[in-house]
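As you go down the protein sequences, you meet chains L and V in turn. Read in the numbering used here, the first sequence has 84 at position 84, and its numbers run on one by one without any break. Read in the numbering used here, the second sequence has 31 at position 31, and its numbers run on one by one without any break.
Any given hint might turn out to be false.
Just so you know, same-sequence chains aren't split out, so a pair can sit in one copy or run between any two.
Computed cross-link-like contacts, DSS-like style, restricted to lysine-lysine with a CA-CA straight-line distance of at most 27 Å [claimed, not checked]: (1) K261 with K16; (2) K11 with K169; (3) K303 with K224; (4) K169 with K156; (5) K261 with K303; (6) K37 with K360; (7) K232 with K86; (8) K2 with K55; (9) K303 with K122; (10) K122 with K224; (11) K55 with K86; (12) K2 with K232; (13) K122 with K300; (14) K37 with K16; (15) K224 with K41.
Just so you know, these hints were derived from the structure itself, not from any lab.
There are 2 protein chains.
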Amino acid sequence: MKNFVFYNPTKIVFGKDQTTNIGRYVYGTKCLLLYGKASIKQNGIYDKVVESLRKNTVGFVEKGGVQSNPVLGFVHEAIDLARAEKVDSILAVGGGSVIDTAKAIACGYYYEGDVWDFFTDKAAPGDALPLYVVLTLAATASEMNSGAVITNEKTKQKFNINAESLSPKVSILDPVNTFTVSKHYTAYGCVDAMVHLLEGYFTQDDPATPLQDGFVETLVRTLKDSTLAIMKQSDDYQARADFMWAATLALNGITTAGTGKHGFPNHMIGHSLSALYDLPHGASLSIVFPAWLNHYVRDKADKLAQFGNAIFGTSDPQKTIEALKQFFNIIGAPTHLSQVNIASSDIKKIAENAVMLAKKWGLHQYTEPVIEEVLNAGA
Amino acid sequence: MKNFVFYNPTKIVFGKDQTTNIGRYVYGTKCLLLYGKASIKQNGIYDKVVESLRKNTVGFVEKGGVQSNPVLGFVHEAIDLARAEKVDSILAVGGGSVIDTAKAIACGYYYEGDVWDFFTDKAAPGDALPLYVVLTLAATASEMNSGAVITNEKTKQKFNINAESLSPKVSILDPVNTFTVSKHYTAYGCVDAMVHLLEGYFTQDDPATPLQDGFVETLVRTLKDSTLAIMKQSDDYQARADFMWAATLALNGITTAGTGKHGFPNHMIGHSLSALYDLPHGASLSIVFPAWLNHYVRDKADKLAQFGNAIFGTSDPQKTIEALKQFFNIIGAPTHLSQVNIASSDIKKIAENAVMLAKKWGLHQYTEPVIEEVLNAGA
């Protein structure tokens, strides 16, 4: 096992009817209530949250309209609002896009320069407003980690930040809040969480990590089984609960503690697809990941055999990749660029964009030609 | 999945050569340096810790001599010392006994009455001194949870406390510090960690928890394999590291989050064996747990089959229990009262003692006759 530091101080309040407790946890007198689409006003989540804030005498100013693949322009606007209104906390009601936006606002609030400086490593996030979450879409694990991803819509860069001060203080995970998540977005969430787990599993430094491998395989199996159950019945509480908790644990640090350095090459390429075509994050990953496995099938043969045995009952690497693609297609996630109307002739352009992030993340083996080869391996 | 709150803010600093960093983490100007036997002075751990404290200008007053099955009298003495010396933190260098003693001192420090009041539920722990840990024996997970167990040597009660303020701030887990742990104590640590996992697994409310079951099975497998490797080679770093992290995760809350209520009936009975005969905690559990499984073999047949399949390659409940006993005996942990020179005629006396804890823990089905039946099922 490699040396590691594990620190995850987010309090998770998980379960049915927990949304109404959020006001008890929010610290301060006035929060920025942040959300995405108006759907939280239709499905009753907004009312529950607002009532709980009022009951606990927490004031708020609201800002809706966070979009998926959230953008920097919105973050700037929200920082201005938060400052003008002198809020002392942020409450994110939504999925990863809303939480990530909240994290950018939280640290941008105290920074005199452009918050984008944090994303380009010109400055490091310091103080941040305390952040609270009511999760409505399980996928990114942003509700229990210290990272955030924002797209600069002008430069077409989808970049990330990470800082201890960005961990939410409290996150409410009520599976009922995800009953209305569409099949497509459930599928994308499943892919996102699985690839979070498998990027580490397949790229980690340490070849012998039975404990961490067992955790990853358990979570992948849970995500697979619960997603299939949700596809049959959208309000299957047990399946939504298993899915929600598995997605959180998939990127809260527990599965990679001790595995050494690992890369996120599939996220690197996927982020470019989202930045260029506004493709949902999960859909970008279900296309890139099988292609990446194909490209590295000989390098990763042993781990693919282990993974295949644990999840699909086969130790054949190629059959394992096919089984994974088949699963993605069954749940409605694309596995080929053509399925999302991106021409193979764009691969060069995608690689040009992706290589910027490869450099930022230190994935130096991923030159433009290599990224092209990976994408072509899925063609 | 059942509703739960998960909150574990302990920072884990894991790995080779991390002991020398402890001084960087200890907050304050003067700590109570607490340890057990003089062995930390022989194996170099004491010197590393003291040098790190000095380098970071953290003063200290030391108190050694914590014994296994740590006692209340020692806690009282240490509270007096901590107050007289006006310490502002506690640094526990040791295993569960030292950490649990430190937790009792930490909350007793601020309490005007007898700290034992917390153990008998006459009062609840409030403020506590911040606690830091350098772990030298992997077993109890006290380094990453908020509980502690102390024996009142006068009343022969081994009772526990639990409070958020008792979670260590930082715990250093350096597997090298466990190279000199004897085979016997390694075996007892293995049994303790396994039974922490399996008490929940076999007694939990929720019958369908694939995620949590997978985590438990992974950790039990890791403990089994790493213990067998350590028995062959005491300084096998990989095995000591796997063992150490698995033992911590076995009782840090992650495996029981979402499983609902569960009991610790084997700890309840085991604590009596320790209180009455000063038997090592792990040795008490390796005797009680197979007996308990035998007693409930029909009730627990399905879960035993699942467990047997996951760990021992058999779905036969009785064969699974036998395989577990065989494993305990191979690593040198007793599975019968006679192996630790306790006469079967003492079973009534043990049950009389155990029932006190059964009442405290709300295990109301464990009357004296039932506890006797459980112990007799191991005879």
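The hints, checked one at a time:
1. K261 with K16: For K261 and K16, only the inter-copy Cα distance (16 Å) is at most 27 Å; the intra-copy one is 37 Å.
2. K11 with K169: Both ways: K11 and K169 sit 6 Å apart in one copy and 15 Å across, limit 27 Å.
3. K303 with K224: both (19 Å within a copy, 22 Å between copies)
4. K169 with K156: neither (31 Å within a copy, 41 Å between copies)
5. K261 with K303: within (17 Å within a copy, 37 Å between copies)
6. K37 with K360: Intra 31 Å, inter 50 Å, cutoff 27 Å: neither.
7. K232 with K86: Intra 46 Å, inter 63 Å, cutoff 27 Å: neither.
8. K2 with K55: between (48 Å within a copy, 26 Å between copies)
9. K303 with K122: neither (38 Å within a copy, 54 Å between copies)
10. K122 with K224: neither (40 Å within a copy, 48 Å between copies)
11. K55 with K86: within (21 Å within a copy, 42 Å between copies)
12. K2 with K232: So K2 and K232 pass the 27 Å test across copies only (22 Å; inside, 41 Å).
13. K122 with K300: Neither: 36 Å inside a chain and 59 Å across chains, both beyond 27 Å.
14. K37 with K16: Within one copy only: 22 Å inside, 48 Å across.
15. K224 with K41: Neither, since 30 Å and 51 Å both go past 27 Å.
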